[in-house]
Structures are given as structure tokens and as C-alpha cells.
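> Given next are the chains, with one letter for each unit.
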Amino acid sequence: MSTYVGQAMKRKEDPRLITGRGNYIDDITPIGTLWAALVRSPEAHARIVSIDKSAAEQRPDVIGVFTHEDLAGDFAAPMPMIWAPAGVEIKTPEHWPLAKGEVKHVLDPVAIVIGTDRYSVNDAVEDVIVEYEPLPVVVEPEAALEDGSPLVWESFGTNQTHEWSVAGGEVDAAFADADVVVSQRVVNHRTAGAAIETRGWVVEPRGEHVTIHSATQIPHILRFVLSLCCGIPEDKLRVVAPDVGGGFGSKLNVFAEEILAVLLARRLQRPIKWIETRSENMAVTHHGRDQISYVEMAVKRDGKVTGLRVRSVCDLGAYFMALTPFIPELGFPVGNGAYDIPAVSLTFVGVFTNKFPTDAIRGAGRPEVTHWIELTMNKVARELDMDPLEVRRRNFIAADDFPHETALGIVYDSGNYQGTLDKLLARFDVEAFRREQKELRERGIHRGVGFSTWVEVCGLAPSRVVGPQGVGLQGAFWESGMVRVSASGTATVYTGTSPHGQGHDTGFAQIVADRIGLDPQNVNVIHGDTDQGPWGWDTYGSRTLAVGGEAVARAALKVQDKAKRICAALLEAAPEDIELVDGNYQVKGSPDKSMTMVEIAGAAHIPPQELPTDIEPGLEETSFYDPENFVFPFGAHACVVDVDVETGKVKVVRYVAVDDCGPAINPMLIDGQVHGGVVHAIGQALYEQVVYDEDGQLVTGTFVDYALPTAAEVPSFETDRTETPSPTNGLGVKGIGEAGTIAASPAVTEAVLDALRPLGVEWLDMPLTPMRVWQAIQAAQNGGAGPRATEQGRALDEHGGGAAGSGPTGPEEGGAA
Amino acid sequence: MIPAQFDYEAPESLEQAVRMLHENGEDAKLIAGGHSLLPLMKLRLAAPTLLVDLRRVPGLHGIQRENGSWRIGPMTRHADLQDTPELGVVAKAAGLIADQQVRNRGTIGGSLAHGDPASDLPAVMLALEGEVGVQGPNGTRTIPGAELFQDYLTTAVGQAEVITEVRLPALDGWGYGYEKFTRRAEDWAMVGVCALVKRAGDGSCEDVRIGLTHMGSTPLRATAAEEALRGQGLDASSIAAAAQRAADGTEPPGDLNATPDYKRHLAQVLTRRALEAAAAA
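As they're listed, the protein sequences go chains D and A. Per the working numbering, the very first residue in the first sequence carries number 1; after that it's consecutive. Per the working numbering, the very first residue in the second sequence carries number 1001; after that it's consecutive.
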């Protein structure tokens, strides 16, 4: 059946996008459009004493200035947070689109100005005079948990938002019986999504109806939530996601500005436009990660890991976005990593700080878990004086043990972890590397290698598992697909997923083309418009192919079935005797008797007399697919770095990735996702960090200071695959969009540690900036007090704790138990 | 990211440009390539009400060799410097400025007049002991490189003066090295070092000049290191000993990426590397 699936087809959408013929949010400006700009707090925590709008309102180019009080009657509900796990109290502050009485982080919106053009409305923002009474600020999550800390929300009496735990197996017994307990404090620092296109919207009212074009990943969810927050029925709201220039999770939310858009469009009855500035994007589009984790592994002398216990302190910022407190916990299903660990206990403690909220950024909870597990496995290997790859082999879930239920009750669908590692090692000769490393070291070149044998949970999600009666998300996560064949025999595919760079237009066309017998060039994919096609649950969690693609494939098979019935009737054969071969619907055994889809589509729309009347006209089918399980892609990565030990600068010189996401629909799309994902993780490991100073001011407000890596900083990637089908869906596929990001940070970090270990450096927390690496080398060389990394310009202990050795179970005590 | 309102003029003569600057006072700013000024305006850290664009003024482009020096028009793009290898260390440093898009727009005159101590060309200017010619309401004058950079983003070029040419000694027979340390290729220098070495007939160091980028509020000369090397051999140990003095007397500003201590360390390492390159040439 596969003519097109499996081919490395070039992306159908690219000629349009790379020649400037895309239709991004800033390409849309209806006649008479007004502009919006926001008055934002320069303080991280303050009481609003007064707001004087008069000077701004008197400007001839200003239509209006609106504060929370001005719009209070228009808000139907506060901004929702949708996680409500049974039996766990989550302290959830009221979150309104404009600050009510107090501001809680820098650039917290205080008022919105509507004016006649983009420039003057930004001038008018400066004319709104807000008087603030500063309040004490807390920015470090562990400090925020201490008695006497300033409180972000006075009414709660604590900065702790919640504590959520999951455990399976005999954890205490595993640690009591361990030969060795290895401990490590691991920091996964705060990062930004940093999509090339910032957020933005254009909103158009038509009487009671409002259309909002938004640079969003989630048009359907956005409409649902806007309806709730604005009190406008969903049938009178239309959300359109035009071409969207990247998201990485940062556009997976309902943002304050979008609610203001709909309410003000309704009130003013004029189109309004807002394009987020890059400075706003760095400060008020949600961040990701920001966890400090205390990891302990119970190990036997033979290298078998018998227990894992982790307590993670999660900096959630000042408010909750839709999923804020849930994102750290999203890592729990892969709490075992790729390993058969019989006892696992994970605890997540959420903390308020005076920063912007965290939420889903590419990987969302799973990179953090992978970073702990992979680096702690390496530490186990050193503790036992074993090869880190041998420790992995001894703990891998065996290839013949799938589906595999983990200690936490999660069923890994399929896997062959030894298989991807073997394929990696066929490309990467470890012994040859170690010889080269030794020779280079003699010449003063410090080269190191790090490995990651990662597993991911994605394909969000089986609705009953994660929904209100399961994990507690107040939503569902099935997906829709609709295939419509036109009278002239071309196809339009509607998907409820909403791409922002993934390549749906190409991959979905390949899937449908094979199943209905058309060329992918004649299959057009439509998405991102709530007025077109069936309801859907949008794009995140590497769900596009494994959930959305399966829905589309099922709809296409329904079309194929109907096409066969039409063909059978016209060729005077039984429907079960019609087979689709190379684009022809033909009678089994009589290939000369056949019809093309073009001919069948014509008959479906303009029925000939020979077509029985019990076959409905038209050729259009819809499928709704709710998966029974997640999917679990996996792989093995190797990273090689050179460290300039005089300056601390790290250069990635080689990167090899062998991944398994099931049978490839389009290998070129997979390679693209792996490349981007790995760069994202290299960014986290070596370059990127969102930094607030002790006053809560954002230090990394531009791309000068937020060091996103560029093509100049990364090597040419070597990628390869194995293909282990998933039993979860008919395509056998698993997501790959987040995989590289989940996989790579421990490989990069371990490569640096491997290069520096002869100098005495045992641990480094990300990002491994030149100064941090240099300082660690200095500390290790000057007296062995253990590495003391710094937080980009400041000593780490000012930041609420050092790198290694300052946790409740410091690594230096973490030897034999 | 949205600048405040401003007027824009593109005069067709130097005299017109000077007059516009003079008449509008502090509210008027010259714009050349715009790659330093426009980001400041978009962040509203600068809000001039008049931009005077030099793009139509004739005679401000080009690179010419005159006797023992180079005469470079202030509107000459970094990309043109980068593509003129005869310029030696100037070409090398220009090729390391930001990325190619910035180098296609940014100009040598703009970079020198802006006086950012983290930019590459000011320290090169200082080490080369070049000079700039300026024209203002009171006529023309010459400002030596050593007097050009007065403080952070502050130069001796007057508000109503325009740099009309940049003169750099060709330093035939000198070796050079330029070491720029960044986190990413496109970044400003955390520390940069321009080293120029003249080897005597006996192989020793006849003369040496070292310019430091981003080690203070202006570009600096590493005079202690220069003195330590002048007259000495150009072997590895003499170079290393001199480089140890590279940060003497400096008070570099700390920032997100580097503490003052780390910067002083980098200055020593980079000075050694730049001197080694210069001595090997």
C-alpha cells in the first residue's frame, strides 16, 4: 500500500514559506485596523497605588485606555488552569488578563492602550502614569520555601503551590538493601521557547461574532477557553491560526492578551491588532524547565539499579497558565527511563516566585527526567568502576519484554533499546574514540564523549488516562481527521492538529495519498481554522502523527471503502473484490477492469444511472481517534565535544543520533525534527538561560543576553534510525518532534565532564557557559573542594544553592551506603 | 521594539549634514549603517528626534593606500574591510564582527563614532595608532586614536561633527593577531585582543602594540604587557610572561557572561595567543 509513505518527500509548504509567500499574523491587516499596546510593570512585585490614564487618553491618536477595573464587568471568568488531580490541593491564584491591585512579575500587564497606529500607541503607553508601592521579591524557589520568605501570594500564607507524588515497587526496601546509593542534585534551569515569530493577533468583530487570528498552536482549545473567559458562545467565536512561525510549546496557551483582544473588539467594534515585541516575548511568553531535583539511585554491585527516588522543587512563577503546575509531572511516565527499575518514587513540589509562569516548552517535564536519569546512570558507572554503556545494558528493559509495565504502572508500548545502542556503536567506535582522546590529550586537546539512551512518552493522549477521572486534566486528547474528495478527484484533508513548522501538509498528504489512490501533490491539508473541519485538540506533546495522523489515516480508509463500493457497483463486482493497486481501483484477478480515483470521484458527485441509490452521493469521511495508550519513542545518542581548558569554552564537534519513532512516514521530516530538537537541547546545555536578578528584573531580555545557538555553533548531525512499530496506532508511529530535545542535554553535559574528568571536575549544572566551566576547572585544580560552578556572573550560592554538594544528600556523601 | 517618533533627512553634502546636526543640537543623530543606533532606538534607550543619514553624501566610501597608510571612507562597510586582506588586522577583525548581515550594513565610521568598548574596531584603531578626520561647524580637524575614545559610548567627535576619513598606518613588516572571545560567533566580544609585533633583525621584539576590547569603559592599550615584551625575545616564554601583564591596571565591567576576574584571565590567555600569532607572521 505504501507508494508515498516512507519517501523523503520535500516539504510541500516550503516553496511558499521560504519565498515570502506565507501568511503569518503580521501579514494580516484589515482595513481600519486599530493597534494595541500594553502598559507593563517595571516592578517584580508591587501594589498598584494609582493609574493615571488622562494624558494618554487625551492624545488624538488614542481610542481608549483600559485597566482591570474598566474591564472587570466584561470578564466572565479568570484565566483557567486545567489540572485538578484527585486528592491533591493546588493553591491556584486568581489570574486575570490585567493586574488586579498588585503586580507579581516584571512586565505584568496593568493596562491596554488602543490607538490608531502601532507607533503612537506605543508612545501613548509611556503617557500612562502608574504609581507602584514595591513589595518584597523572591526569585529563588528553594529560598521561597524557607520560613520568613517574602510571599508571592500573601493570602496562601506559603509559596508552596502543591506537592504531588507517585510511587511503585518497594522503594524503601530497595534503598535499605542497596550495595551503593548514588545521589546527585540536578538543576534543569529556566529556558525560553524563543520561536522565530513572536505571538500576536488580529481580531475582527462582526456584530455578535468575533474572529481572532492568532499565532497559536491551539486554535480549538483557544476558542473553548475564550468562550469561557469572555462569555461569548463558541458558535459566535472563530479562531484562525494562520501560518505560525514556530511554537516549541510557547504558543500552547491562552494568553492574557488574547482575552483582551476579544473583549475589546466586541466593545469597540473595530478590528484590532497586536504583535508581541521580542522583549515582551522573552518576559511574558511562558518559560520552561526550572527544576532543582534531588536524585538518589539504589544500586547493586553488579550494576543493577534497584531503586530510584527523586524530589524535585519546581519553580512555577507567579501565576498559573493552563498547565503550569502539571508540566513537571508530565515527565513521570518515563520516570524509569529506558531501564527496568523495580521501585521508583517521584515527588514534585511546586513553588511560587516573582517570575513569569513556566509551562510547556519542547519536551515539557521529560527533558528534566532524562537529564537526571542519564547523568545519574553515569555516576553509578563511576561509583562501580564500570563502563557507563555496560551499566545501561544491564538495566535496559529487554526487547522481548514489551509491552512493558513499569514500576509506576505505565505500559511502554514497544522498544528495542539495545538495538538503537548497537546501531549507534556501529557508527561510533568507542575504542577508537578512546585512543584518539588519549592522543589528543597528550597534545593538550581535551575531547570528551557522552551518551544518552533515552525514552520518551508522547502521542498525547489517551483521554481516559489523562482526563478528569485519570491524571486530572480537564480536557480530552483524541483527534479528528476528515478527508474530502472533490468532484474532479482532488482531496482536501482537515486535521484538528495545528502545525507551526512540523510539516503536516506533506506528511499527511503522503498518508492520505497512499490510502485513497492519489498523488500527494493533489492532496491539500487544511488546519488551524475552527470554522473549517471537525473539532480537534491542536498540536503539542508530539501528538500530530501518532494521534492526528492516525485519525486522518482512518478517515482516508473510510473514503477508500466507499470508493471501492462505488467502483464495485460500476464494474459489476463485489466490493471485497476491489483492490487499490498503484493508484488504481481494480478487480482482483482482472487488473484490466479498473477505475482511477478521478473517475470514482466523478461518479460519487454526479451519480450515473448504474450507481445504486443506496450509495449516498459525495465522497467525504471523518474519523475521531482516541488512542488507548501513549507511544514511547526511544534512541541512543553520542555527543563529542572539545573543551578549551584555558578559557572554558565548549565546542560540539560531532553528534550522532540513532532514533526509533516506528515506521517512517517521511525520513526527511524526521531528520529535520531530530536536528532541531538536538539544537534545542544543545542550547539548553551550553548556551540558553532565562536569568532574573535578585530584584526579579529579567536580565536576559533580548537575544544579546539570551544566547540562542545558531548554525555556527552546531556540527553537521549524523542521524540514523531503527523502526520498531508501536502497537498503539495503525500507522505504528511515535512522535519525534520533542525527541532530540529530551535526548541530548545529558549527552552534551557528560561529554564535557568526560573531557574534564582528568582535571578533577566531577559535576556541572547547565548551562555549561565558558565561565562556569573555567571556574569549575579552577576550583577542581585549587584544592579539590569540589567544583563550584557559578550562575552566569554570580556565585551560585547567592542563587539558593551551589551546584554539587549542597543538597540534603550531597554527592560527596553519596558513595557507599 | 517600537521606536519613538523621529524625522529623517538624507542630505546630499557634508556641509548640509553638519548644518542639520548643528541646528538641531542633541536631538539630532547621524546614522550610517544603523546597526548600533537602531536597536537602541527600538528599545527606546535612544530617542533622537532627527536622524541624518549619510548615505547620499559623496566621497565617504572606499579604501585607498596613501604613502604609508590606509585612508578609509567612514561609510565603508565592514564587509568591504573583511574582503580587503591587504588591510591585515583590520580585515581580520572586521570579519569577526557580528554576522554577515551586520557586516553588510555596519560601517567603520559608525563603529568608531559609537565608541562601544565591546566592538572590535576601536581596539584595533587604538593599537594601530590611527586617526580620524572630522568636519564640523568650525571646519576640519584630526583626532588621534588615543584621544578618540573618552568613555563608555562617548568619543571626542563633537555632536555636530562628522567623521570624514579614517587613517590607519599600514605597519608594513609588522605581524598581527586578533583574538576575539565570544559565546556565539555573532556575539560582541567578552574580551578581544589586537596584537601587533615588529620583529627586529635579530628576531627579538623591536616594537609591540596591544589593544584590548571590552576590558573597560573604553578600548585600552595593554601597556604593561607591551613594555614587558619590547626588546625581549619572541619565544613562547617571553610572550607568556608578557601576556601575564595584559590585564594590569584594568577594571573590566562584570556582566552576565563574565566576572571581572574571568575577563582579566581571558585577557591574559587571548593576549598570549594573539602575540603568538603576531610573532609567527
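Since the hints were derived computationally from the structure, they do not count as laboratory data. Because the structure is a prediction, the values reported are computed rather than measured. Some clues are possibly wrong.
Think about it this way: if two alpha-carbon atoms lie no more than 35 Å apart in a straight line, the pair counts; the simulated DSBU-like pairs of lysine-lysine are [said to hold, decoys possible]:
no. : chain 1 : residue 1 : chain 2 : residue 2
1   : D       : K10       : D       : K438
2   : D       : K651      : A       : K1198
3   : D       : K651      : A       : K1029
4   : D       : K558      : D       : K593
5   : A       : K1042     : D       : K100
6   : D       : K423      : D       : K10
7   : D       : K651      : D       : K438
8   : D       : K12       : D       : K304
9   : D       : K100      : D       : K304
Not everything, but these chain A residues come out facing chain D in the computed CB check (under 7 Å) [unchecked claim]:
no. : residue
10  : M1001
11  : F1006
12  : M1075
13  : R1184
14  : A1224
15  : A1258
Glycine residues also receive a C-beta, built at the ideal position from the N, C-alpha and C atoms.
> Is the interface hint for A1224 of chain A satisfied, with its Cβ closer than 7 Å to some Cβ of chain D?
At 20 Å from the nearest chain D Cβ, A1224 of chain A fails the 7 Å test, so the hint is violated.
> Would the stated hint for A1258 of chain A survive a check requiring a Cβ distance to chain D of less than 7 Å?
holds, 6 Å
> Keeping to a limit of 35 Å between CA atoms, is the pair of K651 of chain D and K1029 of chain A held or broken?
violated, 41 Å
> Do the numbers back the hint for M1001 of chain A, that is, is its least Cβ distance to chain D under 7 Å?
Check passed: Cβ of M1001 of chain A comes within 3 Å of chain D, closer than 7 Å.
> Does the interface hint hold: is M1075 of chain A within less than 7 Å of chain D, judged Cβ to Cβ?
violated, 25 Å
> Given the hint that K100 of chain D pairs with K304 of chain D, test it: the Cα-Cα distance must not exceed 35 Å.
violated, 54 Å
> Straight-line Cα separation of K423 of chain D and K10 of chain D no greater than 35 Å?
Given pair K423 of chain D, K10 of chain D holds - Cα atoms ~26 Å apart, limit 35 Å.
> What's the verdict on K651 of chain D and K438 of chain D, does the C-alpha distance respect the 35 Å limit or exceed it?
holds, 18 Å
> Hint R1184 of chain A vs chain D: min CB-CB distance below 7 Å?
holds, 6 Å
> Checking one constraint from the list: CA of K1042 of chain A to CA of K100 of chain D, max 35 Å. Satisfied?
holds, 29 Å
> Restraint: F1006 of chain A near chain D, CB-CB cut 7 Å. Satisfied or not?
Given a least distance of 10 Å, the restraint on F1006 of chain A is violated.
> Check the hint pairing K651 of chain D with K1198 of chain A against an upper bound of 35 Å on the C-alpha distance.
holds, 33 Å
Checked against the numbered hints given earlier, the structure breaks hints 1, 3, 8, 9, 11, 12, 14 and satisfies all the rest.
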